[in-house]
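With chain W's structure known, arrange chain C on it following the hints.
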Amino acid sequence: MMARIREVIASHGELGIDVNSVADDEDLYKLGLTSFATVQVMLGLEEAFDVEMPEHLLNRATFSSLSQIQSALAQVVTA
Amino acid sequence: MDKQLTFLDQLFAEGLLIETGVPGLYGRNHTFEKIVAGFERAVAAYATEDQAESVHFPPGMSRNTLSSSGYLKSFPQLAGTVHSFCGSDHDHGVLLRQLANGEDWTQGQVATDLALTPAACYPLYPMIAARGRLKETGALFDLQSYCFRHEPSEDPARMQLFRMREYVRAGTADQVLDFRETWLERGRHLMTSLELPFEVDLANDPFFGRGGKIMASGQREQGLKFELLVPIANSGGPTACLSFNYHQDHFGKTWGIETSNGETAHTACVGFGLERVTLALLRHHGFNLADWPSEVRGKLGLG
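Line by line, the protein sequences are chains W and C.
Numbering of the first sequence is given in the working numbering, commencing with residue 1 and proceeding in unit increments.
Numbering of the second sequence is given in the working numbering, commencing with residue 1 and proceeding in unit increments.
Careful: at least some of the hints might be erroneous.
Claimed, not checked - Have a look at the derived ranges for each label pair, beta carbon to beta carbon:
#: 1; chain 1: W; residue 1: G32; chain 2: C; residue 2: H56; range: 33 to 43 angstroms
#: 2; chain 1: C; residue 1: A130; chain 2: W; residue 2: A10; range: 31 to 41 angstroms
#: 3; chain 1: W; residue 1: A10; chain 2: C; residue 2: L161; range: 13 to 23 angstroms
#: 4; chain 1: W; residue 1: E47; chain 2: C; residue 2: Q98; range: 34 to 44 angstroms
#: 5; chain 1: W; residue 1: S11; chain 2: C; residue 2: G70; range: 15 to 25 angstroms
Said to hold, decoys possible - Listed below are several chain C residues computed to face chain W (Cβ distance under 8 angstroms; list not exhaustive):
#: 6; residue: H92
#: 7; residue: E103
#: 8; residue: G211
#: 9; residue: K213
#: 10; residue: G218
Source of the hints: derived by calculation from the structure; they are not laboratory data.
Here the structure is a predicted model, which is why all the values come from computation and not from measurement.
Even glycine gets a Cβ: it sits at the ideal position worked out from N, Cα and C.
Next up, chain W with everything else stripped away, as it sits in the complex (with noise of 0.2 angstroms):
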């Protein structure tokens, strides 16, 4: 899951580095995740895993980090 879910910050979230040398809990924003992409990601993300990703998760915490991204999708994407 964690692979998927790097190629798909690699094509949305516009970070401009390589995601492969991003830690699980590295900041997103930090590293310069903007609000804009944070959508595109979720759009990438929700595509990529054939899930819809209930209104709950749709915040900034959720996607702050590929572990907390790895989380979330963990509630919703069936096994």
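Below, chain C alone, put in the same frame as chain W:
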């Protein structure tokens, strides 16, 4: 059974607002405009020492500028475009037949180069960018215009065409945050002296859609927007009459505005809803200006 008159009904009955048949689109009478002018004077009095550059744009702006601004990413539901008839004699005949038959005649209208201005400062940013790098002390502007937001409502404080007075600061993050803090203080002082009940709270803009929830969350968590709210006519809660907005480097990046040392500029603005404050004054002090507290009349220069 007597029907309880809404605040809007009362405003119509007093002649302060004039119905046009479209919710949120009203004429204003002389008394209403006297209050608006008084409030503008009261606001300007706080800013005299700032020496802001006063700029006036009409309530329309370049459609290209609106497209480039990013407004449609966040608020597509609020934007207004201007369309016109650009057809031939034959097309004119079709239009007239549609009108005569009470049919929809708008399908033939074509988008012009104009859009309606959603916030007074939108036409300002490309102007700032065109001037080149900011000076060391940044820049400060004073603007006022009618703005359009497509949100028809029976709440008189939610008009579709309304006036916004703004002060806009461009510079470093520290400069613009300092500006915002100054206006938070001034805003509190102003509304206290107008004897209006208010609270200042963290807020977010009405970003569209599911993605908008993320945007709103980000705006709140970073403390980018504060509003000064006064109860007016909305049963859902008090109405934002002033807003204090920190844009970080959004407009700086969008328009290529640079500080004196070539970094992307930050911007912030304070907005005053002129009709909203006027309605708040009418709501809390009554429809008869002669009965208003003398200090409030004095503050507004109403004699």
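Earlier hints that do not hold, by number: 3, 6, 7
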